[in-house]
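This is what each chain is made of:
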Amino acid sequence: DAGVIQSPRHEVTEMGQEVTLRCKPISGHNSLFWYRQTMMRGLELLIYFNNNVPIDDSGMPEDRFSAKMPNASFSTLKIQPSEPRDSAVYFCASRQTGSSVDYGYTFGSGTRLTVV
Amino acid sequence: DAKTTQPNSMESNEEEPVHLPCNHSTISGTDYIHWYRQLPSQGPEYVIHGLTSNVNNRMASLAIAEDRKSSTLILHRATLRDAAVYYCILRNTDKLIFGTGTRLQVFP
Chain Y
1 DAGVIQSPRH EVTEMGQEVT LRCKPISGHN SLFWYRQTMM RGLELLIYFN
51 NNVPIDDSGM PEDRFSAKMP NASFSTLKIQ PSEPRDSAVY FCASRQTGSS
101 VDYGYTFGSG TRLTVV
Chain H
1 DAKTTQPNSM ESNEEEPVHL PCNHSTISGT DYIHWYRQLP SQGPEYVIHG
51 LTSNVNNRMA SLAIAEDRKS STLILHRATL RDAAVYYCIL RNTDKLIFGT
101 GTRLQVFP
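From first to last, the protein sequence lines stand for chains Y and H.
Read in order, the letters of the first sequence are residues 1 to 116 in our numbering.
Read in order, the letters of the second sequence are residues 1 to 108 in our numbering.
Calculated from the structure, these hints are not laboratory results.
Quick caveat: nothing in here was measured; it's all calculated off a predicted structure.
Keep in mind that the hints are not guaranteed to be accurate.
Pair ranges (Cβ atoms, derived) [as the list claims (entries may be wrong)]: (1) GLY16(Y) / HIS76(H): 31 to 39 Å; (2) GLN17(Y) / ASN23(H): 43 to 51 Å; (3) ASN23(H) / PRO81(Y): 36 to 44 Å; (4) SER28(H) / THR97(Y): 17 to 25 Å; (5) GLY29(H) / GLN17(Y): 44 to 52 Å; (6) LYS69(H) / THR20(Y): 42 to 50 Å.
In silico BS3-like links for lysine-lysine, alpha-carbon gap of 25 Å or less [as the list claims (entries may be wrong)]: (7) LYS95(H) / LYS68(Y); (8) LYS3(H) / LYS78(Y); (9) LYS78(Y) / LYS24(Y).
Just so it is clear, CB atoms sit at the ideal spot from N, CA and C, and this is done for glycine as well.
Let the sequences and hints guide you as you build the complete structure.
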């Protein structure tokens, strides 16, 4: 199992540009989560999906952020337009819900976003 | 979400046991106690979880107080690779909400 795969690993973009972060969850996992980590605010849950449906997006900072999950094997987090304060490490995680055994959340290696 | 309190940092020597405490005095009956750790430049990693009884796995042990208002993550023999931030999290929904955690330093 390759785990949760995120791309790109690093992204540097100019303020005002559109940024798209990608995530491939573990096959068979039916819940997907997007987190953001900064020194000031720590790890913040942005949005999560169950069975490809957004369940809770209360952590999304503002309308510039949007997330989609068109199918069970792919999700995107888009920032348009990007701002320097969006610079952070963005993590994707997946989990299998409804199982009698809880193996926890599996996180990807993250995308380090720098907006200049 | 019920709140947890952890020390900001702890230190250990290699090959010694480490006891990482967590207080959660407002825990509810349906809250599971989860522990994750984050190694430098990596995403968080699941360590262990429990509800009422003590739990063991290949990574660590989880000791839960009888009143469930506190718990302790036990690393039986710390290695340099165990240096990380350890998060104690209460969860009763799909959401995993992280606090500030305990930064563990391991010295050779």
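Item to complete: If any of the earlier hints don't hold here, list their numbers in rising order.
Response: 1 and 8
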